[in-house]
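Respectively, the protein sequence lines represent chains V and H. The letter at position 4 of the first sequence is residue 4 when you use our numbering, and the numbering goes up by one with no holes. For our numbering, count along the second sequence from 1 and bump the result up by 111.
Hints were generated in silico from the structure; no laboratory data involved. Just to be clear, a hint being listed does not mean it is correct.
[Unchecked claim] With a cut-off of at most 30 angstroms between alpha-carbon atoms, the simulated DSS-like pairs for lysine-lysine come out as follows: (1) Lys-57/V to Lys-133/H; (2) Lys-57/V to Lys-153/H; (3) Lys-133/H to Lys-148/H; (4) Lys-179/H to Lys-148/H; (5) Lys-179/H to Lys-168/H; (6) Lys-148/H to Lys-168/H; (7) Lys-168/H to Lys-133/H; (8) Lys-57/V to Lys-169/H; (9) Lys-57/V to Lys-148/H; (10) Lys-168/H to Lys-153/H; (11) Lys-133/H to Lys-179/H; (12) Lys-133/H to Lys-169/H; (13) Lys-182/H to Lys-168/H; (14) Lys-169/H to Lys-182/H; (15) Lys-153/H to Lys-13/V; (16) Lys-133/H to Lys-182/H; (17) Lys-13/V to Lys-179/H; (18) Lys-153/H to Lys-133/H.
Listed here are the chains, written in short residue letters.
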Amino acid sequence: KAGVTQTPRYLIKTRGQQVTLSCSPISGHRSVSWYQQTPGQGLQFLFEYFSETQRNKGNFPGRFSGRQFSNSRSEMNVSTLELGDSALYLCASSRGGDGYTFGSGTRLTVV
Amino acid sequence: GENVEQHPSTLSVQEGDSAVIKCTYSDSASNYFPWYKQELGKGPQLIIDIRSNVGEKKDQRIAVTLNKTAKHFSLHITETQPEDSAVYFCAARGRGSTLGRLYFGRGTQLTVWP
């Protein structure tokens with residue numbers, strides 16, 4: 001079966017711009033969560049959505065937001081980009097609470 | 112919230128030897144512990160997981176053990192092969208208001224020398 005699909009794979013943006021990342025979960029998976037991965041901070045939780053509702057949110061500023069659609073696809077948005085937002089953004093899907101499957105990620109570079 | 116610590120940060124072994132990575136967690140209510148393998152340029156891949164009602168789980172050359180009393184769990188890889196070289200992450204799932212959130216260790220870079 002198809003895995004978790006994240007688009008785009010790579011992005012280069014300028015400080016102050018905004019960006020939208022997309023995640024298509026495994027068919028039948030209703031939970032989608034987002035993580036930021038950097039060499040300095042490791043894997044940090046951004047937020048989790050289940051059936052279009054945000055269930056959890058990590059300790060990130062309000063510039064980071066997300067949403068989930070009725071087909072379980074999810075997007076995350078980062079506004080007013082900063083250099084420190086450069087990272088690998090990972091999406092994971094789950095049927096209901098375990099067996100989280102990650103996508104290959106979106107590599108965001110802010111210049 | 113939960114705090115997960117992972118050791119060692121780097122591990123080098125000879126092909127055919129065993130490798131052990133250890134993690135501790137802080138929230139005694141945590142009940143689900145997955146392990147991930149991440150290769151360069153890829154997302155983390157789930158390799159094995161364990162729930163708190165089980166003390167040990169095996170899948171071919173990979174095993175995970177859990178000690179709830181001591182709040183630690185370990186990944187054991189036997190008969191290591193060069194293709195096992197990667198970064199390995201342990202994680203614990205949150206409970207209650209943080210259910211659905213995984214707390215990750217900082218990772219272990221495993222290198223298997225032929």
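Hint consistency between Lys-169/H and Lys-182/H [alpha-carbon to alpha-carbon, up to 30 angstroms]: Measuring from Cα to Cα gives roughly 19 angstroms; hence the hint holds.
Lys-168/H paired with Lys-133/H [C-alpha distance capped at 30 angstroms]: holds, 15 angstroms
Given pair status - Lys-133/H, Lys-153/H, alpha carbons within 30 angstroms: holds, 23 angstroms
Holds or violated: Lys-182/H to Lys-168/H, with C-alpha atoms at most 30 angstroms apart: holds, 16 angstroms
30 angstroms limit on alpha-carbon distance, applied to hinted pair Lys-133/H and Lys-182/H: holds, 11 angstroms
Satisfaction of hint between Lys-148/H and Lys-133/H, Cα-Cα up to 30 angstroms: holds, 14 angstroms
Pair hint Lys-57/V and Lys-153/H, alpha-carbon separation not exceeding 30 angstroms: Judged against 30 angstroms, a Cα distance of about 24 angstroms means the pair holds.
Distance restraint between Lys-133/H and Lys-179/H, which requires alpha-carbon spacing of 30 angstroms or less: holds, 14 angstroms
Hinted pair Lys-57/V and Lys-148/H, Cα distance within 30 angstroms: With a Cα-Cα distance of about 25 angstroms, the restraint between Lys-57/V and Lys-148/H holds, given a limit of 30 angstroms.
Holds or violated: Lys-153/H to Lys-13/V, with C-alpha atoms at most 30 angstroms apart: holds, 21 angstroms
Restraint check for Lys-179/H with Lys-168/H, where alpha carbons must lie at most 30 angstroms apart: holds, 14 angstroms
Holds or violated: Lys-148/H to Lys-168/H, with C-alpha atoms at most 30 angstroms apart: Holds, at about 17 angstroms.
Going through the hint list in order, the structure does not satisfy hints 8 and 17.
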